[in-house]
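Go ahead and model the full structure; you've got the sequences and the hints to work with.
Protein chains in written order, with this note's numbering: chain A, 20 to 308; chain B, 176 to 489.
A couple of the hints might just be wrong.
Unchecked claim - PhoX-like, lysine-lysine: derived pairs with alpha carbons at most 20 angstroms apart:
hint	chain 1	residue 1	chain 2	residue 2
1	A	Lys150	B	Lys232
2	B	Lys295	A	Lys292
3	B	Lys250	A	Lys292
4	B	Lys292	A	Lys27
5	A	Lys210	A	Lys157
6	A	Lys150	B	Lys227
7	A	Lys87	A	Lys150
8	A	Lys295	B	Lys295
9	A	Lys27	B	Lys295
10	B	Lys227	B	Lys250
11	A	Lys295	B	Lys292
12	A	Lys210	A	Lys292
Claimed, not checked - Among chain B residues calculated to face chain A with C-beta under 10 angstroms, some are:
hint	residue
13	Leu234
14	Trp235
15	Asn253
16	Lys292
17	Ser309
It is worth saying that the hints were derived from the structure and are not from the lab.
For each residue, glycine too, the CB sits at the ideal point set by N, CA and C.
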Amino acid sequence: MITSRTSKIGDAFVVFICLILIVLCLTPILHIAARSFSTTEALIRSEVSLWPVGFNLEAYKYVLSDGKFTRALWWTALLTVVGTILSLIVTTMCAYPLTYDKLKGRKFFNAIIIFTMFFNAGTIPTYLLLKNIGFLNKPVVLIVPYCLSVFNMILMRSFMSDLPISMRESAEMDGAGPIRVLWSIYLPLCKPVIATLALFYAVGRWNGFSDALMFVNVREYYPIQLLLYNLITAISNIDVITAEGGTAPGLTESLKAAAIMFATVPILLVYPKLQKYFIAGATLGAVKE
Amino acid sequence: MAQPVSLRGNRQSTLNYFRRYWTLYLLLLVPLVYFVVFKYIPMLYIQIAFKKYSLVKSLWEMPWAANNGMEYFIKAFNNRDFLFSLRNTIMLNLLDLVVGFPAPIILALVLNELRFKRFKRVTQTIAYMPHFLSWIIIAGLALQVFAPTTGLVNNLVRGLGMQPIPFLNEPTHWVATYVFLGVWQSIGWNTIIFLSAITAINPELYEAAAMDGAGRLRRMWHVTLPGIRSTIVVMLIIRLGYILGSEFDRPYALGNALVNTVSSVIATFIYHFGIRGLQFSMTTAVGLFQSIVGVIFLLVADRLAKKYGERGIV
Chain A
20 MITSRTSKIG
30 DAFVVFICLI
40 LIVLCLTPIL
50 HIAARSFSTT
60 EALIRSEVSL
70 WPVGFNLEAY
80 KYVLSDGKFT
90 RALWWTALLT
100 VVGTILSLIV
110 TTMCAYPLTY
120 DKLKGRKFFN
130 AIIIFTMFFN
140 AGTIPTYLLL
150 KNIGFLNKPV
160 VLIVPYCLSV
170 FNMILMRSFM
180 SDLPISMRES
190 AEMDGAGPIR
200 VLWSIYLPLC
210 KPVIATLALF
220 YAVGRWNGFS
230 DALMFVNVRE
240 YYPIQLLLYN
250 LITAISNIDV
260 ITAEGGTAPG
270 LTESLKAAAI
280 MFATVPILLV
290 YPKLQKYFIA
300 GATLGAVKE
Chain B
176 MAQPVSLRGN
186 RQSTLNYFRR
196 YWTLYLLLLV
206 PLVYFVVFKY
216 IPMLYIQIAF
226 KKYSLVKSLW
236 EMPWAANNGM
246 EYFIKAFNNR
256 DFLFSLRNTI
266 MLNLLDLVVG
276 FPAPIILALV
286 LNELRFKRFK
296 RVTQTIAYMP
306 HFLSWIIIAG
316 LALQVFAPTT
326 GLVNNLVRGL
336 GMQPIPFLNE
346 PTHWVATYVF
356 LGVWQSIGWN
366 TIIFLSAITA
376 INPELYEAAA
386 MDGAGRLRRM
396 WHVTLPGIRS
406 TIVVMLIIRL
416 GYILGSEFDR
426 PYALGNALVN
436 TVSSVIATFI
446 YHFGIRGLQF
456 SMTTAVGLFQ
466 SIVGVIFLLV
476 ADRLAKKYGE
486 RGIV
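Okay, structure coming up:
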């Protein structure tokens, strides 16, 4: 009797902690969503908490009619798609050969790759290199210099190494070369890890900020995060927004909220669907470094 | 007499080997070129930390800096802004460690006790969400939620009859908010590794403990925690290894002119004085200092891990 009562109290306590966690995670998003649908007057009088006051779509209409913002959204979407595909291809090209035990020079290749995880040249040397090879202020600088993550490569390599080697060997008996084996046996079986890495790479590019801040000075090539940063940190909204292209000053508070929603919603739509995969990926990465 | 034969045999098999596997090298070529161009060639540029940078001269033609090439290191360590950012890097990382490291362990223990499967799944999905948001978005959320006059939290604070709290506009409060937001962003995601370690614990241990009359808390303390001890140690050591590492987006996005004395870290220092201020030699020196200390910390951490009988990380 006593144990069951205490265990009920325990259950209630556990559920309570989880509810607090849920509230803490969701409140900021709901608050911003509410702000984005509210009138400026309500925002200035701070009447908005989790429900819109004076529901309207003005902020969204403005954001969508503002060429700069929609262009940045499409531009970032394009960068994300192209960057993710390139990253997946290069990561596979790196991980797959390294799963061959017999590959001559494997230890050496592994060593020079892993070394870059522990020691990197630093921001300024990388910046100067990109400058010297003419990458600065070009779209390519947002795709190529960080297209291969060693961490992600190790994820894929360990996933491939865990596949039964007998499949590869019997395919080789039948005369299939390494490329054939990769294409018709490994890649179809690697769907879970490919989905995980696609998510990691895509989120990385969609959220990427510092490379654009440091390497890109051309406004047309600004990804969404850089535009968003300039918008939200503007101390005097009116000055900056008018400088950025002119708008009704009163709108700025809900405008910020709407802009944040545009950058956030795509991620919220995608990540829960891939939960099964990325959990496997996250644990694999931490266990097998 | 046997030697030439076996030599030819070797050469034959090597030839066969390459005939069979040359495509693997072809595949590897692209990533290897990537690493050489974007990771190793920049290492050549490290020498400008010891040289007087010049826009017009090539790397090899630049003259050595004064004081046996150490001029820019000396300059950096006499630079107030650098010393501030060094202190802040260590301070913020240590606070992150002290607060942010135990948090997901505790949460994992709690989630593990949750018996309602669907509720657990929903909780986890929601808790992972902040991990996928950029620091720019989080800063955007925080600036609005914590705003001094119109923010959600300060409305509540005022409702309770207290003075509004300057969460992001006063150094001490800023540090607390910075650490809190770090926990908010990472707590859910970081439970994944501990939860998976918990599932590896032998269920018989729980049964035995229950048989001995151990309640929920004692089972947590005597079975679950010891069961994930090695995961905790390895994760802790990895964190210790990165104590001088510095994030850029997080302090940069959350910082503002009022809190510069605590929000500037090594990464933002390098950005401001290097890429914006064009002091390439000094900022390269700072970056090199950070990389070298980082490697030393990692190696020491790895030694420690192995000393405590855990698998290393290097």
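Now the hints, each set against the structure:
With a C-alpha separation of about 14 angstroms, the suggested pair Lys150 (chain A) and Lys232 (chain B) falls inside the 20 angstroms cut-off, and the hint holds. Proximity of Lys295 (chain B) to Lys292 (chain A) is assessed by CA-CA distance (about 16 angstroms); at most 20 angstroms being required, the pair is judged to hold. Of the pairs offered as hints, the one joining Lys250 (chain B) and Lys292 (chain A) is violated, with about 52 angstroms between alpha carbons and a cut-off of 20 angstroms exceeded. For the hint pairing Lys292 (chain B) with Lys27 (chain A), the CA-to-CA distance comes to about 16 angstroms; that is within 20 angstroms, so the pair holds.
About 33 angstroms separates the Cα atoms of Lys210 (chain A) and Lys157 (chain A), which puts this hinted pair outside 20 angstroms; it is violated. Taken as a hint, the Lys150 (chain A) and Lys227 (chain B) pair is honoured in the structure, with Cα atoms around 18 angstroms apart against an allowance of 20 angstroms. Taking the CA atoms of Lys87 (chain A) and Lys150 (chain A), the gap is about 26 angstroms. The hint is violated against a cut of 20 angstroms. For the suggested pair Lys295 (chain A) and Lys295 (chain B), the alpha carbons sit about 14 angstroms apart, so the restraint of at most 20 angstroms is met.
For a cut-off of 20 angstroms, the pair hint linking Lys27 (chain A) to Lys295 (chain B) stands: about 17 angstroms separates their Cα positions. With a C-alpha separation of about 13 angstroms, the suggested pairing of Lys227 (chain B) with Lys250 (chain B) holds against the 20 angstroms cut-off. The hinted pair formed by Lys295 (chain A) and Lys292 (chain B) meets the criterion: a straight-line CA distance of about 15 angstroms does not exceed 20 angstroms. With a C-alpha separation of about 14 angstroms, the suggested pairing of Lys210 (chain A) with Lys292 (chain A) holds against the 20 angstroms cut-off.
Because the beta carbon of Leu234 (chain B) sits about 9 angstroms from the nearest beta carbon in chain A, less than 10 angstroms, this interface hint is met. For Trp235 (chain B), the interface hint is violated, the least distance from its beta-carbon to any beta-carbon of chain A being 13 angstroms, above 10 angstroms. Violation of the interface hint for Asn253 (chain B) is found here, the shortest Cβ-Cβ separation to chain A being roughly 19 angstroms, above the 10 angstroms cut-off. Taking 10 angstroms as the C-beta contact cut-off toward chain A, the hint placing Lys292 (chain B) at the interface is violated, the least distance being around 13 angstroms.
For Ser309 (chain B), the interface hint holds, since its Cβ comes within 10 angstroms of a Cβ in chain A; the closest pair sits about 3 angstroms apart.
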